[in-house]
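Start from the sequences, fold in the hints, and give me the full structure.
Protein chains: 2
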Amino acid sequence: MSMADQTAVILLSGGLDSVTLLALARSEGYQCHTLSFAYGQRHTAELAAAANLSTQYGAKSHRVVPIDLGSIGGSALTDHSLSVPVDGVTDQIPITYVPARNTIFLAYALAVCEVLEAQALFVGVNAVDYSGYPDCRPEFIAAFQTLANLATKAGVEGHGVEVKTPLIALSKAEIIKLGVGLGVDYSQTVSCYSADEQGRACGLCDSCRLRKQGFAQAGLVDPTRYQA
Amino acid sequence: MSMADQTAVILLSGGLDSVTLLALARSEGYQCHTLSFAYGQRHTAELAAAANLSTQYGAKSHRVVPIDLGSIGGSALTDHSLSVPVDGVTDQIPITYVPARNTIFLAYALAVCEVLEAQALFVGVNAVDYSGYPDCRPEFIAAFQTLANLATKAGVEGHGVEVKTPLIALSKAEIIKLGVGLGVDYSQTVSCYSADEQGRACGLCDSCRLRKQGFAQAGLVDPTRYQA
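Chains as they are written, first to last, in my numbering: chain A, 1 to 228; chain W, 229 to 456.
By construction, these hints were calculated from the structure, which means they are not laboratory data.
Beta carbons are placed, not taken as given, at the ideal position from N, Cα and C, and that holds for glycine.
Errors might be hidden in some of the hints.
[What the hints assert, rightly or not] The following label-pair restraints were derived from C-beta to C-beta distances: (1) W:Ser415 x A:Glu197: 50 to 58 Å; (2) W:Leu410 x A:Leu182: 58 to 66 Å; (3) W:Pro366 x A:Val115: 38 to 46 Å; (4) A:His159 x W:Thr235: 35 to 43 Å; (5) W:Arg453 x A:Thr44: 42 to 50 Å; (6) A:Thr44 x W:Ala397: 42 to 50 Å; (7) A:Ala216 x W:Glu256: 34 to 42 Å; (8) W:Ala397 x A:Asp196: 38 to 46 Å; (9) A:Gly183 x W:Ala276: 50 to 58 Å; (10) A:Asp5 x W:Gly411: 51 to 59 Å.
[Unchecked claim] Facing chain W, according to a computed beta carbon distance under 8 Å, are these residues of chain A, among others: (11) Tyr39; (12) Thr103; (13) Val156; (14) Leu204.
Now the structure itself:
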């Protein structure tokens, strides 16, 4: 079976990493179906970017699954009574950590893979600049692959989905260089935790700092649109 | 720490198994928080039963998380254009299988455990009368325990949640005997895939057949309220 006959589900937040992931999967010839989550983000610019980029990169379908993380609580990204830290990246698990978020996202993605009979699930996790999230580590992904093989009809029948994380060992600079090589226009991606309605970045949150540093280390002009 | 200081999250569908589970966790002294899902079930009698039983068994809180499995599609339980089979239990994975359903449920439960800092997560899966679902098997639960230890802040800090499945090796008859011993009134639980608005069972679906057989094998009168 050629790659053109292979179906992939791509977790697409609309940020830098996941757009690079979509471009990569398309360059490998996969039929791509993108999946985004409306989980009570502080802004919807990221979701608008995901929809636009899905069309631009020829995704076969784009799903937005509403998930109610807000009712679970406990994170600055979904609980608007907590403040997003702007003082720089630390070694601690940050307050922007959403409890079990990637586990929930991957569980839904697995369901979509099963319905579409997809061979691959592309996840843009990154263990280098992972900002202290436990569910971005390689051992978490390996455990999810084991679970996926056991959880599904396809897995039981021996043709389960392969969880692919091609960005996991890359630095932000390497991801950016990969994407630029694939023709990605990063001015259209939104990484900021506090982007405004137009998708312009704050420049101060952890995500902005890691992205800014990535462009600097890649030796490339940062095309991010910043506020003020 | 005594059990009275321990917090447990209980996955509570409102059916026979999960109510037995709640009664068991309470009898062990846990502070219990119940969690149900509104996932486009054909009827809501099961959710009403879960809410009533949470109150009756002294749960500290009861959450209903709406999840949009219907948009994913592919199961007779959520896709109303497919028919629920009434011809008896077979060896095949049945059409009532919801893609990755237990994975999604457990992922949300893990998030709630993390927010509540729970020590235990009680899941009423059963590998004996498991009706062909891949995500009710012991190896699936073991894989989820591994994932949970890696996925969460609590797990990383070494005090992760223990996934408890005390019903997994019991027959339906043994579960019923356990529950009756704990004082459970099974007339208030709803197991049927096609229950009516009053929670009365069809008597013909896989779930009804397994339940009916359970009472017969336990040598107990079946208190289930049947339609017509």
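Numbers of the earlier hints that this structure fails to satisfy, in rising order: Result: hints 3, 7, 8, 11, 14 break, sorted rising.
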